[in-house]
Amino acid sequence: MKSLKKIGKLIVINSLVLLILLLIVEYSLRHTNTITQMGLQSYSYERFIELKEFIPAVEVSSYSNNIEAIELLEVNVALPCLADSNGLLVSKNSVNQESILLLGDAQTSNLDLDPNERIHHLLFNKLDSSYQIINASYPSSDLIHSTNKLVNILLPMRPKVVLINHNLTDLLLLAKNGSYWNKIIGDKKKARVSTTPFVPNVSLKKVEDSIILKEYTKALSNIGQLLSNWHITPIFITQAFNHYDSLNLSKLLQVKNIHITNERVSALHRKINQEIRAICKDNNWSIIDLERVLNSNPLYFNNYLLFNSSGTKEACQHISDSLKRWELVKTTEPTLL
Amino acid sequence: MKKKLLNILLAVNLFYSCDYSIYTTEGKYYEQLHLNQRYISLREAPPASTIHLSYQAYNTLTDSYKKKIQLTSIDSSGFINPSQNQTNANYNIYFLGGSTTACFEVVDSLKFVNLVQRSLAMNYQLNVNTFNAGYPGNSSLSSYNKLVNVILPQQPNMVVLMHNFNDLAIMLYQGDYWSTKVMRGKVRRKVEILRDKSQVAYLAYLENKKIEPFYKLKEGLNGIFSVFNSTEKEWHNNKQNPNEIDIQQLESDFKSSLITFIRTCRIYNAEPVLMTQANFLIKDPPVNSLVHQYAKNIMQGSGYDYHKIQMLYTNLNQIIKDLANQENVTLIDLEKKVPKKSTYFLDLVHLNQRGSQLVAEIISQEFAKTIVKPQ
Chain W
1 MKSLKKIGKL
11 IVINSLVLLI
21 LLLIVEYSLR
31 HTNTITQMGL
41 QSYSYERFIE
51 LKEFIPAVEV
61 SSYSNNIEAI
71 ELLEVNVALP
81 CLADSNGLLV
91 SKNSVNQESI
101 LLLGDAQTSN
111 LDLDPNERIH
121 HLLFNKLDSS
131 YQIINASYPS
141 SDLIHSTNKL
151 VNILLPMRPK
161 VVLINHNLTD
171 LLLLAKNGSY
181 WNKIIGDKKK
191 ARVSTTPFVP
201 NVSLKKVEDS
211 IILKEYTKAL
221 SNIGQLLSNW
231 HITPIFITQA
241 FNHYDSLNLS
251 KLLQVKNIHI
261 TNERVSALHR
271 KINQEIRAIC
281 KDNNWSIIDL
291 ERVLNSNPLY
301 FNNYLLFNSS
311 GTKEACQHIS
321 DSLKRWELVK
331 TTEPTLL
Chain E
338 MKKKLLNILL
348 AVNLFYSCDY
358 SIYTTEGKYY
368 EQLHLNQRYI
378 SLREAPPAST
388 IHLSYQAYNT
398 LTDSYKKKIQ
408 LTSIDSSGFI
418 NPSQNQTNAN
428 YNIYFLGGST
438 TACFEVVDSL
448 KFVNLVQRSL
458 AMNYQLNVNT
468 FNAGYPGNSS
478 LSSYNKLVNV
488 ILPQQPNMVV
498 LMHNFNDLAI
508 MLYQGDYWST
518 KVMRGKVRRK
528 VEILRDKSQV
538 AYLAYLENKK
548 IEPFYKLKEG
558 LNGIFSVFNS
568 TEKEWHNNKQ
578 NPNEIDIQQL
588 ESDFKSSLIT
598 FIRTCRIYNA
608 EPVLMTQANF
618 LIKDPPVNSL
628 VHQYAKNIMQ
638 GSGYDYHKIQ
648 MLYTNLNQII
658 KDLANQENVT
668 LIDLEKKVPK
678 KSTYFLDLVH
688 LNQRGSQLVA
698 EIISQEFAKT
708 IVKPQ
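From first to last, the protein sequence lines are chains W and E. Mapping to the working numbering: the first sequence position 135 is 135, numbers consecutive. Count along the second sequence from 1, add 337, and you get the number used in the working numbering.
Don't take each hint at face value.
Here's a subset of chain W near chain E, in silico, CB distances under 7 Å, partners left out [to be verified]: (1) 156; (2) 158; (3) 218; (4) 221; (5) 222; (6) 225; (7) 226; (8) 258; (9) 260.
By construction, these hints were calculated from the structure, which means they are not laboratory data. Backbone N, C-alpha and C fix where the C-beta goes; we use that ideal spot for every residue, glycine too.
All chains should be built: construct the whole structure from the sequences, respecting the hints.
In structure tokens, the structure reads:
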């Protein structure tokens with residue numbers, strides 16, 4: 001009996017001590033930002049690369065108030081939006097098990113449309129269910145995010161073709177920072193936060209057009225080369241833009257704290273599209289010129305960037321026609337142009 | 338004595354009960370939201386930390402190694418110290434690779450990446466900064482992640498890549514670069530379960546906010562138990578069926594990975610340099626060689642014999658050479674230049690102190706020809 005009492009005492013004392021210790025440490029870790037150099041390998045400081053993707057198998061509506069949710073709310077997500085177990089929006093499985101991949105920002109993810117009106121569903125139908133369409137785009141995703149996603153998630157899927165539609169997000173980031181990366185990578189506090197590309201702590205006064213175009217060109221050439229090196233066909237898309245919606249564009253620039261006029265954004269957007277054409281010509285890569293087909297036609301847009309359902313249909317038609325014309329895809333029906 | 342033992346047992350029991358309760362209560366909640374948020378593992382030593390490396394295995398298997406623990410310090414940018422020694426240098430060289438580049442086994446001042454910097458300054462009057470971005474278990478694709486996200490922003494002048502054995506091992510055992518059956522060189526928590534075919538980790542919410550001493554204590558206890566399990570079990574329990582491995586695809590992927598590295602470097606105005614991996618993989622090793630006997634034992638259970646691995650390994654080094662020639666890239670043929678002798682190696686691929694010094698000498702000589710001295 002005595003020994004049982006002793007054991008009981010030991011259990012109570014041990015558990016109390018452990019509990020107090022846990023609470024103290026937990027409290028101190030959660031409520032202080034200071035990082036002490038501990039002289040031991042510390043897993044707390046381990047850095048990770050940001051992956052712009054939907055939280056796998058979680059409804060967007062159930063996101064908590066984190067950065068991802070804020071970014072998504074900017075585009076008024078139409079419910080439901082549920083990514084697969086790999087964070088991707090996918091069409092049904094194809095007959096021949098081959099896939100076509102879409103990379104881009106908010107324009108390509110089509111979140112403000114009904115799920116059945118989104119680009120990957122429409123394209124799947126346009127190509128007669130012959131290819132699974134994987135939409136790996138994500139609002140506020142730039143070319144470096146897409147490069148990271150390609151290397152770490154998408155390459156093993158070995159898609160036949162990758163369609164790349166990046167312009168405005170890259171433009172705004174570069175106009176603000178002059179670079180895809182933050183210069184303060186060595187900062188210990190930032191290292192704890194773990195993200196690259198980093199958000200800069202100091203915005204530059206003015207970034208010259210030439211720097212924006214140079215950085216964009218490098219990132220675009222790199223993703224094209226990367227795909228070619230892995231025997232995947234890259235196809236670039238010039239981004240259509242509604243230059244008349246200056247009101248919403250001004251709001252966006254204000255929210256993102258980017259000191260740049262609407263006119264300069266418009267001009268730079270055109271220049272970047274021109275750059276895409278030039279790079280594709282130099283490297284003999286295919287291009288789908290959506291800017292020429294859909295640009296500034298308010299009938300196709302919900303705002304400055306996002307397509308409405310007519311715009312998405314038109315874009316899809318143009319993409320599927322191009323893919324069939326180049327014989328990059330084989331469908332069950334003869335090509336009608 | 339009995340009381341003390343009982344006390345310890347109770348403490349351990351309570352400890353694990355606490356751990357379990359944390360993950361079943363808090364874990365379940367975050368599983369639905371944050372825990373499923375994925376991030377790409379950068380696979381690097383945590384910035385501003387010190388790595389403690391224990392060499393028990395080597396002590397029993399090689400004659401050349403005596404020390405038990407080696408410390409390696411990491412700077413605030415995640416590079417192995419000492420880095421950026423030359424304040425007046427305007428030429429930066431970054432080294433990417435696995436454990437053979439990281440050289441955790443050798444003291445910081447004698448790691449070859451550091452010696453190259455000193456040698457270039459002393460013998461060739463070239464002021465350069467060298468940065469060691471190697472990390473154990475990294476494949477060429479992990480190094481590509483580091484190149485794009487950590488090194489390119491720093492506008493490197495030259496990037497040196499040395500990969501072979503890890504790429505081969507990962508692809509032979511997993512089938513490709515992306516499967517995540519084997520967790521090389523990483524301690525993972527259960528909340529970091531990897532899914533699908535990707536290098537993506539579920540960054541545990543608790544990973545960043547975890548209760549550190551609690552975690553360390555648990556790792557320590559786990560470490561004690563894991564002493565009884567040999568490390569090769571990690572591979573044996575998870576290996577891919579050898580018949581399912583497409584060797585041609587494996588070599589093609591390795592080649593694609595290297596070309597991607599070369600072209601990315603060039604697009605960003607950095608000079609790419611390829612190195613073959615120095616090694617002690619000899620065709621007919623002596624029967625009494627403990628290093629080779631140990632390697633053979635590991636390989637036997639994997640479905641590949643020593644000679645098959647040696648052949649595949651040599652093929653990958655050949656791919657490096659061919660690619661360097663084809664893409665007109667500077668090649669440092671360490672495989673050829675470092676003698677396959679136990680004098681230079683701790684095991685099949687890891688350099689000892691003398692090996693590190695020799696490699697530094699070879700690299701410096703090569704760089705002295707390529708790097709143009711500022712007027």
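Now for the hints, and whether the structure bears them out:
For residue 156 (chain W), the shortest C-beta to C-beta distance to chain E is roughly 4 Å, which falls under 7 Å, so the interface hint holds. At a threshold of 7 Å, the smallest CB-CB gap from residue 158 (chain W) to chain E is about 10 Å, leaving the interface hint violated. A cut of 7 Å between beta carbons decides the hint on residue 218 (chain W): the least distance to chain E is about 5 Å, and the hint holds. For residue 221 (chain W), the interface hint holds, the least distance from its beta-carbon to any beta-carbon of chain E being 5 Å, beneath 7 Å.
Proximity of residue 222 (chain W) to chain E holds as hinted, the smallest CB-CB distance being about 5 Å (cut-off 7 Å). Nearest Cβ of chain E to the Cβ of residue 225 (chain W): about 4 Å, under the 7 Å cut. The hint holds. The closest approach between the C-beta of residue 226 (chain W) and any C-beta of chain E is roughly 5 Å, which is under the 7 Å cut-off, so the hint is satisfied. Because the beta carbon of residue 258 (chain W) sits about 20 Å from the nearest beta carbon in chain E, more than 7 Å, this interface hint is broken.
Annotation: residue 260 (chain W) was flagged as interfacial toward chain E, and the flag is violated, the nearest CB pair being 22 Å apart, outside 7 Å.
Violated hints for the displayed structure, listed by number in ascending order: 2, 8, 9.
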